[in-house]
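Just so you know, the sequences run in chain order A and B. The opening position of the first sequence corresponds to residue 1 in my numbering, with each subsequent residue numbered one higher. The opening position of the second sequence corresponds to residue 779 in my numbering, with each subsequent residue numbered one higher.
Be careful, since some hints might not be right.
Computed list of lysine to aspartate or glutamate pairs in DMTMM-like fashion (alpha-carbon distance at most 20 Å, straight line) [what the hints assert, rightly or not]:
1) A:LYS17 <-> B:GLU903
2) A:LYS112 <-> B:ASP820
3) A:LYS113 <-> B:ASP820
4) A:LYS242 <-> A:GLU286
5) A:LYS649 <-> B:GLU902
Partner residues are not named here, just some residues of chain B that face chain A (Cβ under 7 Å, in silico) [claimed, not checked]:
6) CYS819
7) CYS824
8) THR826
9) VAL844
10) GLU855
11) GLU859
12) PHE870
13) ASN874
14) GLY879
15) PHE880
16) ALA909
17) ARG914
18) CYS915
19) THR916
20) TYR918
Away from chain A, derived, C-beta distances all over 10 Å, residues of chain B [unchecked claim]:
21) LYS781
22) VAL786
23) ASP795
24) GLY809
25) LEU810
26) LYS813
27) GLY833
28) VAL841
29) ALA849
30) THR853
31) ASN860
32) PRO865
None of these hints come from the bench; they were simulated from the model. All values derive from a computational prediction rather than experimental measurement. Glycine residues also receive a C-beta, built at the ideal position from the N, C-alpha and C atoms.
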Amino acid sequence: MSGHKFIGKSVVRVDGKAKLTGAAAFVDDLEFGPGLLHAVIIESPHAYAKIRKIDFAKALDVEGVVKVVTGKEFPYRFGLYMHDRYVFAQDHVRFVGEQVAAVIARTPAVAKKAAGLVKVEYEVLKPVLDVETALKEDARLIHPELGNYHHVPWFFPKKDTNIAHFRKVRKGDAEQGFREADHVFEDTYTVPRYAHCSIETHGAIGLFDHSRRLTVWAASQSPHTQRHLFAEALAPLGLKHKDIRVIAPSVGGGFGGKAGVSMEILAAALATTVQGSPVKVHWTREQEFYNTYQRQGVVAKMRVGVKNDGTITALEQKLYWDAGAYVEYGANVVNAAGLSASGPYRIPNVHIDSVCVYTNLPPGGPYRGFGYSEFLFGLESHFNEVAKKLGIDPVEFRRKNAICTGDVLNYGGKMNPSGLLECIDKVAREIDWGKKRVSADPRKAIGKGFALFWKAPAMPPNASSTAFLKFNEDGSLNILVSAMEIGQGFLTVMAQIAAEVLSVPPEKIRVETPDTDRNPYEWQTVASHITWGTGNAVKKAAIDAREQILDIVSSALGQPRESLYLDDEQVRSRSDAGFALPLRDFVINGIMMKDGTFRGGPIIGRGMFMPEFASALSDPETSQGGKPNVHYTVGASAIEIEVDRETGKITIPKVVLGVDCGKVLNPDLLKGQVTGGMVQGLATVLYEDMRFDEKGRLLNPNFTDYKIPTALDTPEEIVSIFVEHEQPDGPFGARGVGEHTMIPAAPIIANAIEDALGIRIRSMPITAEKIALAIKDS
Amino acid sequence: MKKRIRFVLNGEKRAIDVAPQETLLEALRDGLGVKSPKCGCDRGDCGTCTVMIDGRTVRSCLVLGVEVDGAVVTTLEGVMENGELSPLQQAFLDRNAFQCGFCAPGMIMSATELLARNEQPTREEVQEGLAGNLCRCTGYSPIIDAVLETAGVVPKGGRDERP
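All chains should be built: construct the whole structure from the sequences, respecting the hints.
Below is the structure:
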């Protein structure tokens with residue numbers, strides 16, 4: 001394995017003992033003493049309404065109530081990519097559950113009781129609950145001020161409409177492509193909203209002390225971005241970035257839900273109203289469902305032109321996203337999906353409209369997969385149908401059109417090194433593609449499904465990562481980074497990278513979750529970019545430390561610089577086999593010279609990585625010209641299912657996922673991403689579904705009614721296949737994989753159902769009930 | 779009106795005053811500073827607050843504090859053996875049977891009880907036994923394997939390419 005000592009090895013997780021013994025502290029585990037205040041939020045019961053009056057006199061009378069805060073105190077807009085949100089609703093509420101006011105009290109019970117005494121008068125308006133209604137000519141505008149909102153330069157809102165962003169991709173000449181086709185097939189697929197369901201709900205504690213320093217402890221994927229957004233939102237109070245500090249303890253699951261800023265702004269803002277006392281906001285499971293980001297629903301209308309031999313000549317995708325009441329983060333999901341909605345295929349003529357539509361449902365936002373799961377359900381289902389209609393094997397069809405290294409991407413750039421064909425072949429072999437199994441039980445139908453997937457990190461072109469690395473007296477080290485361990489094993493992989501460069505074993509390296517005062521900048525832990533981006537920064541920091549070490553040993557001891565190298569925690573020399581200087585002898589205290597003076601001193605490494613080649617600037621009418629994506633990670637997946645012909649219930653004997661991760665840094669951790677991601681993805685197609693009533697209220701905000709998988713629901717066998725076509729700019733060749741493992745789950749199921757029963761289901765989820773009804777209808 | 783209760787917590791005699799409506803989870807976390815049981819749903823759906831009363835697992839969010847008067851309560855803090863990981867915890871570590879770690883305390887409590895009652899469980903019995911503990915990260919299979927490994931039902935290992 002290319003001579004690596006720690007890279008490519010299943011190093012034991014550095015955070016394992018803490019997490020398995022209860023030592024890991026999550027935000028709700030932190031103690032703030034008897035001065036801690038508790039906030040309870042008064043929420044809108046209406047999906048769309050004008051706030052007439054808020055009367056909280058009675059609440060203020062309750063003993064133990066410290067303060068009631070409303071939108072009046074914070075009339076500022078904020079947001080990640082577009083400033084369309086408020087800390088508390090101003091004159092309008094736009095979704096059921098939106099924060100209208102807060103009661104701050106000495107105990108949670110008092111806060112809750114007093115919150116019940118706050119009276120809000122509303123003028124109820126007719127809500128806009130689906131994209132079709134929102135896009136009508138005479139639709140009620142959810143954000144009449146849209147034209148004035150500040151946003152990133154790659155968004156194109158349409159003022160005086162409910163369209164918050166319109167991403168157009170035009171590659172080649174789609175009409176010409178359709179004319180060249182022997183057949184044109186079109187169809188529509190729909191995907192509902194989904195919830196992340198981290199087992200830990202959101203929570204944050206804010207403290208604005210008497211020196212006007214604001215500290216926020218939060219369950220967070222984005223400590224620095226949160227600090228920045230707090231600074232932006234609270235700038236009128238005169239706070240500078242240096243005065244704001246975010247401390248991120250262990251996080252009980254993220255999946256995108258704890259990225260950006262959602263409820264954390266409440267802790268930050270409320271703290272400024274009760275100077276000197278920490279104030280805690282902690283979401284209940286119900287609030288976790290309706291007032292954090294949700295995965296957006298989409299209606300996907302597609303048209304594909306093909307030749308008789310299966311060559312795709314043109315693709316048209318029209319994606320209408322139900323982005324909810326505020327799109328400050330969700331509009332970038334729409335953007336990213338729009339740029340990539342061709343899937344990993346070589347298609348010369350592409351026409352994509354990806355439309356971000358405001359509705360009066362909870363705000364959409366980032367969820368593992370970032371729009372790709374949503375469009376790939378339709379695309380990969382449709383391609384299966386196309387192959388079938390042409391009489392071509394679905395795997396062969398995909399192989400024929402699969403994107404290869406150097407092919408032209410939708411926005412004009414070139415595809416990075418890609419092992420997609422290798423993934424296709426290995427996955428097909430593993431699932432025994434082409435061999436049909438028949439169940440001994442006549443009630444059971446067996447089917448196989450196949451799909452390709454791809455995803456690129458969606459991030460600003462200058463999203464950057466940094467790392468500090470500090471040696472200790474015994475030669476152990478601490479690495480300071482600000483990307484987050486959210487379960488994926490990030491801390492362990494950073495330790496492995498530094499270990500490889502410095503020849504110090506990972507168990508002698510401590511990497512912890514950050515405090516923005518101490519740890520250097522990181523954009524966010526999203527986009528499957530941190531193994532790549534932060535990994536590059538850590539590698540550079542380790543190299544920086546190594547160079548200092550070799551410099552000092554060379555200059556102090558007269559060893560030829562070019563002969564020196566690190567091995568087994570020592571400096572060794574290729575020209576002097578007897579030379580071996582342990583790191584612990586000098587990395588803090590330096591090297592003593594003959595005269596008793598010292599050379600060197602504490603070794604501190606510094607590393608920074610920003611993808612300097614990326615650019616989000618392109619022609620708004622075509623998306624041509626920029627380089628919005630740093631790289632794509634590609635792969636293939638296949639499944640075998642057994643369907644009960646009477647009940648529609650599906651069991652899964654085997655599922656396979658092959659991904660080109662560039663380079664495997666830790667095989668067991670990577671396998672963990674496949675197993676966990678696949679099960680999470682399968683749940684979105686088999687059981688999960690957010691249901692809203694005609695007034696926009698979420699009907700299933702709990703684990704009884706919103707079913708996530710249990711230990712009984714895991715497939716019998718999940719096979720991971722890793723292909724390594726190195727990413728030239730990745731640490732040791734690695735690229736991101738964290739989100740990708742859930743992306744193909746829906747289409748492999750849909751295609752397997754079609755294979756088993758001959759029934760094509762075009763809307764998610766595909767529950768047993770839906771299958772049983774479809775069987776009855778067919 | 780608070781009531782004084784006495785019980786054995788992780789081998790130590792404890793006395794604490796609890797309000798009648800206070801849950802065991804609140805008493806442990808807020809009253810005694812025992813933080814391994816977590817609150818994930820507050821209605822018995824997720825299992826992350828799982829602890830043992832007299833050797834049987836319960837959802838501590840569904841049990842009142844007053845109910846444990848005179849009982850023996852065990853949390854994850856009491857599962858370690860002389861400061862060392864229990865064989866089950868070790869198997870969780872070896873097999874990456876956790877990711878974010880939030881469900882791990884409850885999951886380990888349920889698995890500990892399962893193995894105490896059934897030394898040689900089948901895969902299905904393990905799945906059944908853990909079905910009340912939700913995990914959103916792992917996809918469960920490494921957890922199931924860790925429990926089976928501890929029982930000696932599957933061989934030790936699971937770690938490819940150790941350094």
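Now the hints, each set against the structure:
no.: 1; hint: A:LYS17 <-> B:GLU903; result: 27 Å, violated
no.: 2; hint: A:LYS112 <-> B:ASP820; result: 16 Å, holds
no.: 3; hint: A:LYS113 <-> B:ASP820; result: 18 Å, holds
no.: 4; hint: A:LYS242 <-> A:GLU286; result: 35 Å, violated
no.: 5; hint: A:LYS649 <-> B:GLU902; result: 18 Å, holds
no.: 6; hint: CYS819; result: 4 Å, holds
no.: 7; hint: CYS824; result: 6 Å, holds
no.: 8; hint: THR826; result: 6 Å, holds
no.: 9; hint: VAL844; result: 17 Å, violated
no.: 10; hint: GLU855; result: 6 Å, holds
no.: 11; hint: GLU859; result: 11 Å, violated
no.: 12; hint: PHE870; result: 5 Å, holds
no.: 13; hint: ASN874; result: 5 Å, holds
no.: 14; hint: GLY879; result: 3 Å, holds
no.: 15; hint: PHE880; result: 3 Å, holds
no.: 16; hint: ALA909; result: 4 Å, holds
no.: 17; hint: ARG914; result: 5 Å, holds
no.: 18; hint: CYS915; result: 4 Å, holds
no.: 19; hint: THR916; result: 5 Å, holds
no.: 20; hint: TYR918; result: 4 Å, holds
no.: 21; hint: LYS781; result: 17 Å, holds
no.: 22; hint: VAL786; result: 18 Å, holds
no.: 23; hint: ASP795; result: 15 Å, holds
no.: 24; hint: GLY809; result: 12 Å, holds
no.: 25; hint: LEU810; result: 12 Å, holds
no.: 26; hint: LYS813; result: 4 Å, violated
no.: 27; hint: GLY833; result: 19 Å, holds
no.: 28; hint: VAL841; result: 18 Å, holds
no.: 29; hint: ALA849; result: 20 Å, holds
no.: 30; hint: THR853; result: 7 Å, violated
no.: 31; hint: ASN860; result: 13 Å, holds
no.: 32; hint: PRO865; result: 12 Å, holds
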